[in-house]
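S.K.: Listed below, chain by chain, are the residues.
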Amino acid sequence: MKKRAWFPRAAAAGAALALGLSLSACGSGDSSGGGDGGKIHVLVYGDSANKVEKQIVAEFNKTSKVKAVLDTIPGANYQQKLQTIINTDQAPDVFFNWGGGSIKPFVDAGLLLPLDDFIAKDSGLQSNFLPSVFNAAVVDGKSYGVPMRGTQPVILFNNGNVLKDAGVEPPKTWDELLDVVKTLKDKGVTTPIALGGGDKWPTLMWFEYVYDRVAGPELFEKALGGDKEAWASADSKKALSMLKELVDTGAFGKNFDSVKYTDQGSVTLLAKGKAAFELMGSWEYSQHQTDNPEFAKDGLGYTTFPTIEGGKGDPANVVGNTNNFYSVLKKTKHPEAVADFLKLMYSDKFVKAQLGIGNLPTTTNTEKFLDTSASPEYSKFQFDLVKKAPSFQLSWDQAYPQSAADAMHTAIQQFFNGQLDADGFIKAMQALPTS
Amino acid sequence: MKRRPNYLAGLGSLVWLGLVALPLYVMLSATLQSRSDYTANGPLGIPDNLTLDNYTNVFSSGFGQYFLNTLIVTVAVVAIVLLLVPPLAYAIVRSRGRVTTGVFRLFLLGLAIPAQAVIVPMFYVISQAGLYDNLIGVILPTAAFSLPMCALILTGVMRDITSDLYEAMAMDGAPTWRVFFQLVLPLSKGGLSTITVFSALQAWNGFLFPLVLTQSESTKVITLGLYNFQTQYGINIPGLLAAVVVSMLPILLVYLFARRTLVQGLMGVGGK
Amino acid sequence: MTTITTVKTVERRRPAGRSAARVGRPGIAWAAPAAVFFVLFAIVPLVLVAVLSFMSWNGIGSPQFVGSDNWTKLFDDPVLVKSLWLSVLITVLGVLVQTPLSIVLGAWAAGQQRNRAVLSAIFFVPLLLSATAVSVLWRALLDPNFGVPAQAKWLFGDGNLLGMQSGAIGVLVFVGAWQYVPFHTLIYQGAARAIPKVLYQAAEIDGAGRVRQFFHITLPQLRNTMITSGIIMVVGGLTTFDTVLILTQGGPGTDTTISAYYMYQKAFKGFDFGVGSAVALVLVVVATVISLVMVRLSGYDKMRSAMEGL
Chain S
1 MKKRAWFPRA AAAGAALALG LSLSACGSGD SSGGGDGGKI HVLVYGDSAN
51 KVEKQIVAEF NKTSKVKAVL DTIPGANYQQ KLQTIINTDQ APDVFFNWGG
101 GSIKPFVDAG LLLPLDDFIA KDSGLQSNFL PSVFNAAVVD GKSYGVPMRG
151 TQPVILFNNG NVLKDAGVEP PKTWDELLDV VKTLKDKGVT TPIALGGGDK
201 WPTLMWFEYV YDRVAGPELF EKALGGDKEA WASADSKKAL SMLKELVDTG
251 AFGKNFDSVK YTDQGSVTLL AKGKAAFELM GSWEYSQHQT DNPEFAKDGL
301 GYTTFPTIEG GKGDPANVVG NTNNFYSVLK KTKHPEAVAD FLKLMYSDKF
351 VKAQLGIGNL PTTTNTEKFL DTSASPEYSK FQFDLVKKAP SFQLSWDQAY
401 PQSAADAMHT AIQQFFNGQL DADGFIKAMQ ALPTS
Chain R
1 MKRRPNYLAG LGSLVWLGLV ALPLYVMLSA TLQSRSDYTA NGPLGIPDNL
51 TLDNYTNVFS SGFGQYFLNT LIVTVAVVAI VLLLVPPLAY AIVRSRGRVT
101 TGVFRLFLLG LAIPAQAVIV PMFYVISQAG LYDNLIGVIL PTAAFSLPMC
151 ALILTGVMRD ITSDLYEAMA MDGAPTWRVF FQLVLPLSKG GLSTITVFSA
201 LQAWNGFLFP LVLTQSESTK VITLGLYNFQ TQYGINIPGL LAAVVVSMLP
251 ILLVYLFARR TLVQGLMGVG GK
Chain F
1 MTTITTVKTV ERRRPAGRSA ARVGRPGIAW AAPAAVFFVL FAIVPLVLVA
51 VLSFMSWNGI GSPQFVGSDN WTKLFDDPVL VKSLWLSVLI TVLGVLVQTP
101 LSIVLGAWAA GQQRNRAVLS AIFFVPLLLS ATAVSVLWRA LLDPNFGVPA
151 QAKWLFGDGN LLGMQSGAIG VLVFVGAWQY VPFHTLIYQG AARAIPKVLY
201 QAAEIDGAGR VRQFFHITLP QLRNTMITSG IIMVVGGLTT FDTVLILTQG
251 GPGTDTTISA YYMYQKAFKG FDFGVGSAVA LVLVVVATVI SLVMVRLSGY
301 DKMRSAMEGL
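Protein chains in written order, with this note's numbering: chain S, 1 to 435; chain R, 1 to 272; chain F, 1 to 310.
No lab work stands behind these hints: they were computed from the structure.
What you are looking at is a predicted structure, and each value in this text was computed from that prediction instead of being measured.
Each hint should be verified, as a subset may be incorrect.
[Said to hold, decoys possible] Cross-link-like lysine-lysine pairs, in silico, DSS-like; alpha carbons within 25 Å at most:
hint, chain 1, residue 1, chain 2, residue 2
1, S, K427, F, K82
2, S, K222, S, K104
3, R, K189, F, K197
[Stated by the list, open to error] To spell it out: a stretch of chain F is covered by chain R in this simulated footprint if at least three of its residues, at any positions, have a beta carbon under 8 Å from a beta carbon of chain R; those stretches are:
hint, region
4, 31-43
5, 48-62
6, 98-108
7, 125-132
8, 142-156
9, 236-247
10, 252-264
Ideal Cβ placement from N, Cα and C applies to all residues, glycine included.
Model the full structure from these sequences, guided by the hints.
M.R.: Now the structure itself:
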């Protein structure tokens, strides 16, 4: 039986070695980054919007002694990579994030630098941004992020030609929406509302708006604060029954879970007139300009989400992505340089560059450049929407802790496809971790 | 001897040809259209306005550097695999020691480790070794994760070398290393080319290790560069697919040139 | 570990002929470099995963030992059990679909005709594409409104392939086959070419038809290849990941949440590295047991002693 012993012994030796490795790795957060004196690393979500970030970094490096280095991480895996390196020597000085729940764990771990000192030295770092957006990166009363891309409220897009053919107007209220859906179905539009259910998050947008209109932002705030009963409240049940009614009328067609937004499936439904509506983030507009230029010119319409009679929420409320933010790591060796870098995020150059690629920055000086944007009318509509909104609800999946996102997506998908009923959905939401 | 044609197999292969060719057609036709034309025509449509813009975009988006990096990683991984696996397989097949049997089991265990599972510890191992954001840091784990499969394939091949042959060499008084170089290696050419292809593909298409273990533009590989064609909420499908076509062309060319040797070499993988 | 020991005992029966001992045999030194390398970059991280499975860690702070908490959590988790079943199901379906296809295509491609060479080259292409590219392509092709299902309504109905479990699993198995059949075809092609021609000539003299030749000569001669290829398919099936990520994201609901994807969800989307590591270990154990059983049942392990014992 001697030979049996090799495995446990080898395993024990391996474990000892491994443990040593992991412990030394964990303790190494304070050692120097080595070899990059005079540099700050800026980590951003890698995608086609990097153009502007590259431009701003180049702008910064023209005058600064401390040079900024831009590192782009392939988008879909950004958060995974960030979480892996944030507590190591490889952590950046400044990094891209979504505010809210996406930086909370880093704040809790004491890794992030509150920006209060920066703001004390230059109040513009706060006052030059729209408050409703700036506040999305405030955690426990302190600011941790500066908006660095565009705001993306969720908007109800429509295909004007389809509506015209059916002789209907874009709906202003929920009841009108139900009527319009019915009329469209009668006229042979099998998918009145395009929905990329395969991506799951587009479905979530319907929940966000209906809950906000029915119950106001307070219900979700409560739920997020740990009050599980909020999900079982009368308002919550009402919102669910309304959503259920909409799905059951066949508003989204039969195969919405096989359609995706991200591979242009749902967008194309709208553009080709096979659907009349799509509820989507404001980015859909520029998507159509690239992919369906003719439709963007003479068919694409947009309105705010319909009001709901008797609802408690302000009809001017919006939901969506407030903006993306730059946050700063405490251990950065060049805080002054970082502060100077952040100041560029409200510069005229930055605003113009963002508008140039179809993003809508959320600085106070944005307004005067709206005419220079590629589609001034749309930019103004959007900017007004955000500016006047009493509440800008951050997407649920980003407001909740990251660990909740998957279970939440599963639940909303299952409610729409009938695998969960209202009670099942409420239970699933109550089971989500809130902190 | 003349054989009549095999209609059944021929028909089957034609069906399969359709299944393989359709997506490839979609891919090629998408890359030759502008984004708006692609959306207008749909994936199955026939392109009307052909354009090479997608390809010029690929080359202007830093693909040259990514290309070079991918090539370095691939060549290095193949080299490591070819250096380590043949002696390993030889030892597994021919050694009488208990330890080598254990080693084989160890590699069998390794077959099933999903790279996803070990990525976080791997990050620590590599950064402790000071190899973070360095191509060497990508090469080492990629090679390590190719080893089990390559070992399995090559032992399968070496096993089929009969003991008569060994004994014949022994009569001549050949030392172990000569047996290895003059008998085992020449007779395992097939396995060697399979593991070359296998490890090269692993390295060329590797995504996870480069993602987590590199950071800067100068160490980016092609698979990471594909993300230049995506946004947070969408994909530039023609652009992305053009990048895919560009990235697979080198391997396809190598395959076309080396096909004859490869297939001949493949004779006898696990069989006789 | 008991299985391993028993197998080992079987092997250790030395065919104590002194003539065999005269042949130079490689010592452990020949295996050492590969083994050391492998231990360093694969086994050490795996052991760390095992350690992590007893810790609570969100990837940021320091890991805390929590004993067997993660494991108790896991065994109460219906999604994990479901995910294991789904993994096994997708793997089994994958083997069942890929093996016959690869054998037939491989045997066919082994012929020397020129057109076969050209076709083989085309068949080879899917292997060159990264899993991401393959998935993006098939997503576009399977779009219910603009892809193949819209053109073939008689076959796909309303095209809700990815919106129902059977359809989604079918798609994953099919796309997996599309991507990996070329590799296995290549292996079988090589093996089929190595079958001695005399066997077929003799059969033809006996008047055996093509079908009989296939079943009586080709298949038995490919036995060893089937084992190698089978193990590769099983391991590949159990670790299927990219296609799930891009094609179904585990949906609808959790209907295609296979273990490898579940682990990714837990560890990298939920940042619960403790539970994620535990799922990973379960997966490694399951896959290892299956490969060992296959090796054992097939006698792959014993072949060596059998051959040398002569």
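S.K.: It remains to establish, for every hint, whether it holds in the given structure.
M.R.: Hints and how they fare:
Proposed proximity of K427/S and K82/F is supported: the alpha carbons are some 20 Å apart, at most 25 Å. The suggested pairing of K222/S with K104/S holds, with an alpha-carbon distance near 17 Å, which does not exceed 25 Å. In summary, the hint linking K189/R to K197/F is supported, as the alpha carbons are separated by about 21 Å, within the 25 Å threshold. Coverage of a stretch by a chain is defined here by at least three residues with a beta carbon nearer than 8 Å to that chain's beta carbons; for the region 31-43 of chain F and chain R the count is 11, and the condition holds.
Using a Cβ-Cβ cut-off of 8 Å, 4 residues of the region 48-62 of chain F lie near chain R, which meets the minimum of three, so the contact claim holds. Judged by the Cβ-Cβ criterion of 8 Å, the region 98-108 of chain F is covered by chain R as claimed, because 5 of its residues qualify and three suffice. Coverage of the region 125-132 of chain F by chain R holds. Counting CB-CB distances below 8 Å, 8 residues qualify, and the rule asks for three or more. Residues of the region 142-156 of chain F with a Cβ under 8 Å from some Cβ of chain R number 5, which satisfies the need for three, so the listed coverage holds.
Judged by the Cβ-Cβ criterion of 8 Å, the region 236-247 of chain F is covered by chain R as claimed, because 4 of its residues qualify and three suffice. Counting residues of the region 252-264 of chain F whose beta carbon lies closer than 8 Å to any beta carbon of chain R gives 3, which reaches the threshold of three, so the coverage claim holds.
Figure legend: structure checked against the earlier numbered hints; every hint is met.
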